[in-house]
Amino acid sequence: MLLRGRLAHDARRRLSRGLATVTVATVTLFAASGLFASSSLSRGVLLTMLPFASALAIAALGQTLVVMQGGIDLSVAGGFSLYVVIVTKYPAGDNARLLPAIGIALLAAVAAGSVNGFLIGRMRLNPIVATLGTNALLYGAVLWYTAGIPTTTTARLARVGGGLWLGIPKPVYFAVVAAALVTAVIKVTPSGRRFEGVGANPTAARIAGIRVERHRTGAYVWAQILYCLGAILHAGIVNQPTAYEGNNYLLPSVAAVVLGGTSLLGGRGNLVATAVAALFLSQLDQFVLALGVTYATRQLVQAAALAVGVALYTVDWRTVLRRLPGRRSAGVAPT
Amino acid sequence: MTMRRSVVLLALALTSVGVMLSAATSSARPTAVPSWCGPKKITLGLTDGFGGNSWRLVTTASARDEAKKCPSVTSLTYADGQGNTQKAISDIQGMVAKGLTALVVFPDAGKAILPALRSSYKAGVVTVPYRVTPGGKAGVDYNVFIDTPFAQAGENWGRWILRVLPKGGNVLMLSGPKGNSQGVEENQGLHKILDPTHKYKFIGEQPFEVTNWDPALSQKVLSADIAKYKKIDVIVSDFGPSLVGALPEFTKSGRTIPALATSDGNVLGCFWKKNVAKNPTFKLFTVSTQNDHARLAIDWAVALATGGKKPATTHFPSLVFEDSTTGKPHPVECKPSLPGDIYLSAKLPATVQAKLVKK
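Protein chains in written order, with numbering that gives the first Met the number 0: chain A, 0 to 334; chain B, 0 to 358.
Everything labelled a hint here was simulated from the structure, so no lab data went into it.
Predicted model, so just to flag it, every value in this text is computed and none were measured.
Hints may contain errors.
Keeping only pairs whose Cα atoms sit at most 30 Å apart, straight-line, the calculated BS3-like set for lysine-lysine is [said to hold, decoys possible]:
hint: 1; chain 1: A; residue 1: Lys-88; chain 2: B; residue 2: Lys-39
hint: 2; chain 1: B; residue 1: Lys-334; chain 2: A; residue 2: Lys-88
hint: 3; chain 1: A; residue 1: Lys-88; chain 2: B; residue 2: Lys-357
hint: 4; chain 1: B; residue 1: Lys-272; chain 2: A; residue 2: Lys-88
hint: 5; chain 1: B; residue 1: Lys-136; chain 2: B; residue 2: Lys-308
I would like the entire structure built from these sequences, with the hints used as guidance.
Have a look at this one:
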């Protein structure tokens, strides 16, 4: 009981820290965009950026679930690519075949997640190794299915990915609902609380009678389902997606988790913060594009953002400050 | 005696059957064997650094189609490096180890492939890289390099821009990965034609905006440029089909799509036909996507290995394909019933391409 109370308290504290940090960073970024590269806040750019940010936010929510279990999912690239090609190639322009295609993509997602879950949850394989292997398998499936050839998105899906509702891109609504739902399930429902507890302390959870493996497996399955949702939106946003769209989501999905303040060691997850971080990363992209700096600088800025994000949460700044030479001499009393 | 007579008869019968059979076989052969196809029997290999898109698929099929014209080619082996330089190298080494006579290589990884090409050449395999320069020297590291002067495409685009925008304007160029030699050379060709007039301003990152030929990145880059530059008069891109998702960004921002000088693709032709009415400034000019470049490389490899006549040139030219303003040499083409990912400028018939990409 005490453990549970402590967990809940910690969760609230960390949640607010992650969310506060990333929200401040995002607001600052938008302010900087307005000051230094106002074209990145033009309506056209925002209408382009928001759908991509939404797809990233949903994929990153999946990655957060995995990271909460102390894992990492490198198969996001292969999975995402596979779902994109299923929802574009299977209908091949025929709107009537879109829904069955989404069904098939979801089944594939459950299958891929189960493989990851089995390898990591049951067989206790290292997540990096296991998901790297699954990623190769998924890319194999992509190449087998498409021979690498892109297919143009069906008109109906393009309307979902590229359309507006009340002046806001439709994918944004999907991202907001997904973030709200996943947060509600994790933070409010008993099974969600168990899920977080398993991630924070598997040993304690096992002693408390919680089936640790099942929760770990579940994380990978739900992650793939979320990648699938992100991929469906992405296929609608990009009119003619390539067979390798997932590659662009691997690093950003992990970056969004880290910037959102979820510890890579597992435990408490900051789901809303992850979604905000996805917005931050997407706007950062457009900000540096609008600044007109070279491609190389753009890459450096994005890498720096990730480094700062990691440093913010993992470095114990109080200790660092205390150890600074000036501070130390001031702190040590003369004897 | 009867015995001997029957043997003679049998021999006669067999000979006549043999003659008939050989006549039948020779008549089944393609009547006109191309001059580059010599008499020596060879086995041919084809390796790609990256085979995973429709352009490569049509290109590879064009290469196969070309090799089939020569009966001396007894087999054609294909390997796809899948974007992995290490695999591309081991593909080449594997083909050399198998004892193939001739090898046509698309060296995507450029100079990284040179040692593998050299060892293939030194092992006595006729080695013909094409399209992407691997460095090195013909006759030392490989037999011959079949290039295409990318600058020529830039010059073609430049001349068209002079014609459709005689008063000058802002030019935005998009290409693939940073520093890729194709984009750099095309840009030089463009400058060569436009700079002497002093009327054209190149906007965006120089020499070109980096898109990695990725539709999602193209979309982001283009929307940023549309917001940043109030006036974009012409877009130059070396991969037209990747822009169909990005061009509607103009419409989203309440502007019309400007003139576009690029390379061809069915999806792009159809996009133009659908949008030209609402976008009066949307003029389209394409150069051939050059799937047939592979054919010239095959001709050379086969000629050298079989003892056929060498083709006249090692350069595959940039050919103008469509021009929406004059309809010459072709008006903009669109085959709506066929997939978007086929190239109507290729020699391989559209329906054959459609079967390939639909497989």
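Checked hints:
1. Under the criterion of a C-alpha separation no larger than 30 Å, the hint pairing Lys-88 (chain A) with Lys-39 (chain B) is inconsistent with the structure, at around 44 Å.
2. Among the hinted pairs, Lys-334 (chain B) with Lys-88 (chain A) is consistent with the structure: their alpha-carbon atoms are about 19 Å apart, no more than 30 Å.
3. Of the pairs offered as hints, the one joining Lys-88 (chain A) and Lys-357 (chain B) holds, with about 9 Å between alpha carbons and a cut-off of 30 Å not exceeded.
4. Using a Cα cut-off of 30 Å, the hinted pair Lys-272 (chain B) and Lys-88 (chain A) holds, with the two alpha carbons roughly 23 Å apart.
5. With a C-alpha separation of about 22 Å, the suggested pairing of Lys-136 (chain B) with Lys-308 (chain B) holds against the 30 Å cut-off.
Checked against the numbered hints above, the structure violates only hint 1.
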